[in-house]
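Chemist: Since the structure of chain W is already known, use the hints to place chain Z on it.
Protein sequence lines, in the order shown, are assigned to chains W and Z.
Numbering of the first sequence is given in the working numbering, commencing with residue 56 and proceeding in unit increments.
Numbering of the second sequence is given in the working numbering, commencing with residue 56 and proceeding in unit increments.
Simulated from the structure, these hints should not be mistaken for lab results.
Heads up, some of the hints might be wrong.
Given that identical chains are not distinguished, each listed pair holds provided it fits within a single copy or across any two copies.
Okay, derived cross-link-like pairs now, BS3-like style, lysine-lysine, Cα gap no bigger than 27 Å in a straight line [unchecked claim]: (1) Lys491 with Lys579; (2) Lys491 with Lys114; (3) Lys301 with Lys311; (4) Lys301 with Lys84; (5) Lys96 with Lys562; (6) Lys562 with Lys579; (7) Lys301 with Lys401; (8) Lys106 with Lys491; (9) Lys114 with Lys499; (10) Lys562 with Lys499; (11) Lys562 with Lys491; (12) Lys499 with Lys311; (13) Lys562 with Lys379; (14) Lys579 with Lys401; (15) Lys401 with Lys189; (16) Lys189 with Lys379; (17) Lys106 with Lys499; (18) Lys311 with Lys106; (19) Lys311 with Lys401.
The primary structure of each chain is shown beneath.
2 protein chains.
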Amino acid sequence: MINGSNKIGYQESSESTQVTYAFEATTLKTLPEAFHTATTKEVNTAVEKAKLAFGVYRKTSPRQRAHFLRLIADEIEALGSELIQRAMAESGLPEGRVTGERGRTTGQLRLFADLVEEGSWVDAVIDPAMPDRKPLPRLDIRRMLVPVGPVVVFTASNFPLAFSTAGGDTASALAAGNPVIIKAHESHLGTNELVATAILRAAEKSGMPDGVFSSLNSMGYEVGSQLVMHDDVASVAFTGSYRGGKALFDLAQKRKNPIPVFAEMGSINPVFVLPQAVQERGVALAQELAGSITLGVGQFCTNPGLIIAIDTPEARQFCEALAKAIETTQYGIMLNEGIRTNFEQKVRHLSSIDPVTLLGASLNEQLPHTVRATVATVSGSDFLEHPHLREEVFGPFSLVVLCADRLEMEAVATDLEGQLTATLMTGDDDDLYVGKLFDLLTQKVGRILFDGVPTGVEVGHAMHHGGPFPATTDSRFTSVGTKAILRFVRPVAYQRVPAALLPDALKDENPLGIWRKVNGIFTKDPL
Amino acid sequence: MINGSNKIGYQESSESTQVTYAFEATTLKTLPEAFHTATTKEVNTAVEKAKLAFGVYRKTSPRQRAHFLRLIADEIEALGSELIQRAMAESGLPEGRVTGERGRTTGQLRLFADLVEEGSWVDAVIDPAMPDRKPLPRLDIRRMLVPVGPVVVFTASNFPLAFSTAGGDTASALAAGNPVIIKAHESHLGTNELVATAILRAAEKSGMPDGVFSSLNSMGYEVGSQLVMHDDVASVAFTGSYRGGKALFDLAQKRKNPIPVFAEMGSINPVFVLPQAVQERGVALAQELAGSITLGVGQFCTNPGLIIAIDTPEARQFCEALAKAIETTQYGIMLNEGIRTNFEQKVRHLSSIDPVTLLGASLNEQLPHTVRATVATVSGSDFLEHPHLREEVFGPFSLVVLCADRLEMEAVATDLEGQLTATLMTGDDDDLYVGKLFDLLTQKVGRILFDGVPTGVEVGHAMHHGGPFPATTDSRFTSVGTKAILRFVRPVAYQRVPAALLPDALKDENPLGIWRKVNGIFTKDPL
Chain W
56 MINGSNKIGY QESSESTQVT YAFEATTLKT LPEAFHTATT KEVNTAVEKA
106 KLAFGVYRKT SPRQRAHFLR LIADEIEALG SELIQRAMAE SGLPEGRVTG
156 ERGRTTGQLR LFADLVEEGS WVDAVIDPAM PDRKPLPRLD IRRMLVPVGP
206 VVVFTASNFP LAFSTAGGDT ASALAAGNPV IIKAHESHLG TNELVATAIL
256 RAAEKSGMPD GVFSSLNSMG YEVGSQLVMH DDVASVAFTG SYRGGKALFD
306 LAQKRKNPIP VFAEMGSINP VFVLPQAVQE RGVALAQELA GSITLGVGQF
356 CTNPGLIIAI DTPEARQFCE ALAKAIETTQ YGIMLNEGIR TNFEQKVRHL
406 SSIDPVTLLG ASLNEQLPHT VRATVATVSG SDFLEHPHLR EEVFGPFSLV
456 VLCADRLEME AVATDLEGQL TATLMTGDDD DLYVGKLFDL LTQKVGRILF
506 DGVPTGVEVG HAMHHGGPFP ATTDSRFTSV GTKAILRFVR PVAYQRVPAA
556 LLPDALKDEN PLGIWRKVNG IFTKDPL
Chain Z
56 MINGSNKIGY QESSESTQVT YAFEATTLKT LPEAFHTATT KEVNTAVEKA
106 KLAFGVYRKT SPRQRAHFLR LIADEIEALG SELIQRAMAE SGLPEGRVTG
156 ERGRTTGQLR LFADLVEEGS WVDAVIDPAM PDRKPLPRLD IRRMLVPVGP
206 VVVFTASNFP LAFSTAGGDT ASALAAGNPV IIKAHESHLG TNELVATAIL
256 RAAEKSGMPD GVFSSLNSMG YEVGSQLVMH DDVASVAFTG SYRGGKALFD
306 LAQKRKNPIP VFAEMGSINP VFVLPQAVQE RGVALAQELA GSITLGVGQF
356 CTNPGLIIAI DTPEARQFCE ALAKAIETTQ YGIMLNEGIR TNFEQKVRHL
406 SSIDPVTLLG ASLNEQLPHT VRATVATVSG SDFLEHPHLR EEVFGPFSLV
456 VLCADRLEME AVATDLEGQL TATLMTGDDD DLYVGKLFDL LTQKVGRILF
506 DGVPTGVEVG HAMHHGGPFP ATTDSRFTSV GTKAILRFVR PVAYQRVPAA
556 LLPDALKDEN PLGIWRKVNG IFTKDPL
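Chain W extracted, bound-state conformation (with noise of 0.2 Å):
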């Protein structure tokens, strides 16, 4: 069923010579399937087939685009196992972290379905004529959310589901009435290949335009900057590393026409643990947070990184707890190789800086190509000193930060640069910490949270899954949950316009029966 081809549109196609190969992350194996690179003249083809096919997608009703989207969801459960063995081969994760993550993922495709019809998310705005107004009449102006054209996602290590190929990129762009070509990772080209199969499948099945899907692979970056910098792409997005996206959003502002690069890139998630809580419950939350730090293998953007404490007898035994914790825990296969001597080489080097004490690691029996999960410890002094220690280490890893009092946690607290999340862990009687470093994270981040660990990123309508950079480029918008379709569209204002010609959205009817703003107040009754 794999063949390594890229599909572009409808079509599969494999005319470069230069293949890559899959690998098994146990154990490095390659794997059978020869993966065709991507050659220029196959990209060029996927863009123009997405710029065409746009002409026709973006007219479709939210109806046929709910049907393809829940179409997409059961072609996804149609590939059965195939899809979970291979994506558990080319990723490492476990059998159970994988048909969670494709549960995700269909969910994911789902609610974006039910949003589309239920149509409230265009943001409908009606002010009718006012031809008696004084000075001037007012005349008919209508608005809604349009799609912005082709959109590129490059999909991501760390989730070979729910983040790639028919994640939340994908889904939200697709839902919004765009294109969508997809930059596939070298770390899990078959699973990308499947999924790409069920999406073609259930775009043919109904009856969606050729282009309104396509997949390139590819090796190193060529392929991802010509798509970028294609003059008809519109949009892009992207999860992963602080250096793959910076470049990406780079060079999509060099371009004649300057676009916009959504990309996740990283975040230490700082977690607060006041003195009440870790008096209170200071052992049950060392076992908490060493959950959430080897969840995945610690390759989750909101994997706390960074556990801030005042210094106190009890956040010592804190510290101890957190060590025993983490000495217990399996050794973790990374999902490439580039993750694991990346994590090995940042904690070696965390460790060497002087006054970085080692607190625990892992001393379960290492196996080839794995790591430990490992905690250390330093002063807020100086970790306030060393700007290296607010580094992203990405794996299960986290540096619990002892700060000499109140102000010294506000200084870190200041200190810290965007993240996705940040969250405060409190007890009775924290009150006098609470209130300003609620204030002072607010600014901060994307997602603040009170008493839970950040990993576990809820898909809903609340969900605000982005921050400040650098965790994003962009903090206005979030890549999960339902906002994140307010990533591929743009506003246009209808003046005057026909009946006829006018969106369903916008007609006086309300066909669509959806929540409009009318004259300024929330309404479904038609004009």
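Modeler: For chain Z alone, coordinates are given in the frame of chain W:
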């Protein structure tokens, strides 16, 4: 009253000996006051004060902010004829226009006050906890838009009031909860100072923190560049030329932490005059368009710089009527010498391009420092061959493109770059043209309008004044209308945040009484 100082929050400051003078637009005579260019230290102090003020201002209640905005409107009105006279002197605009623009400015401020009080703009979304959900319980998550931080506003040459010191950018940034720092335009330094003083009086009366508003004078690019590059500036709004806007955009993308620059840069606002419209009311349309072309001496961003028709005998009559209407217009005083010479050079250059034919120009006596409204014509095929003809000529100029047939007209539409507006002038039987053009143009513009001129931008809920690059740097946002507030905010998700800490907009009891989306349903009900 005008003393040429910078306003660094509540402090007047004139540290530099480098001064610049305002000019009377009609005579080019220097006005008496010396305006002190802001020094680097003054720039930094303004931003530092804004940063500190943000800590307080972001937490003001909607009612407090609305009160502040209304007081600004009152204080602007209280400036009375001093403001009108000064704006007339510096801009060369007639009294009626300046008075009208003041009304637009104060109306805008009051509209944003209403918007802030109505409150639904924060897009509050609440997904309450579902402890019994399977397989995992849902945690309480709430989301709303929060202000981003200090906003720098570059005032526009062409609207000394409505797109300047207390214009739409300032009103929307303040309404959202952000401090504002003005980079005053050299063409109306005195007008700026008067309005800045009014804003500061309103700020003091309403107890706003020092630094919520500052205004800086400058010569050249230095002050603007320093502001855009300052680490603590969060966002930038600009209305002006492509060159200026793109330079600021590029600068901001090169920052260590890139920030958005909302630059509204220019547009030729194509007007398609369809055959039946020409036949039914060609002469009336010519007069209406001549009025739009010369409105404000053509210095509107929505000025119709391109008129496209099918080359028929009636279209030739339309051209004659347009030429005649233009010939009777008065010579116009332009906003400043730079704009005037630029206009004359561009018209001269375009007229020298071989296939371009002059249709007509103002025949009245040319007063000093004025320009002649001018219309010219070119064939569709020549237009398609000469890319220079797509460039904006800022001022009272329009080019009529006479196309051989419908396909050529569609080719012209396809060929256009991003625009603020496009207009279709239609007659009873133009259906053959309308569908395709509507479809093509909607993809290129921020506002599509039928049977009306693009000048006259309604300040309302449904307005979108923006458009794909190069019309603006960010097609997703508008600079006119209530949605302009969305430029200066970002979402934050609050997970399990204690009731006492939640912003009012997200509290269970809905104390602000605003529309919110709870469990995916719009409601004003408490939880």
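Chemist: Taking each numbered hint in turn, which are not upheld by the structure, reported in ascending numerical order?
Modeler: Per hint list: 1, 4, 5, 13, 14, 15 and 16 violated.
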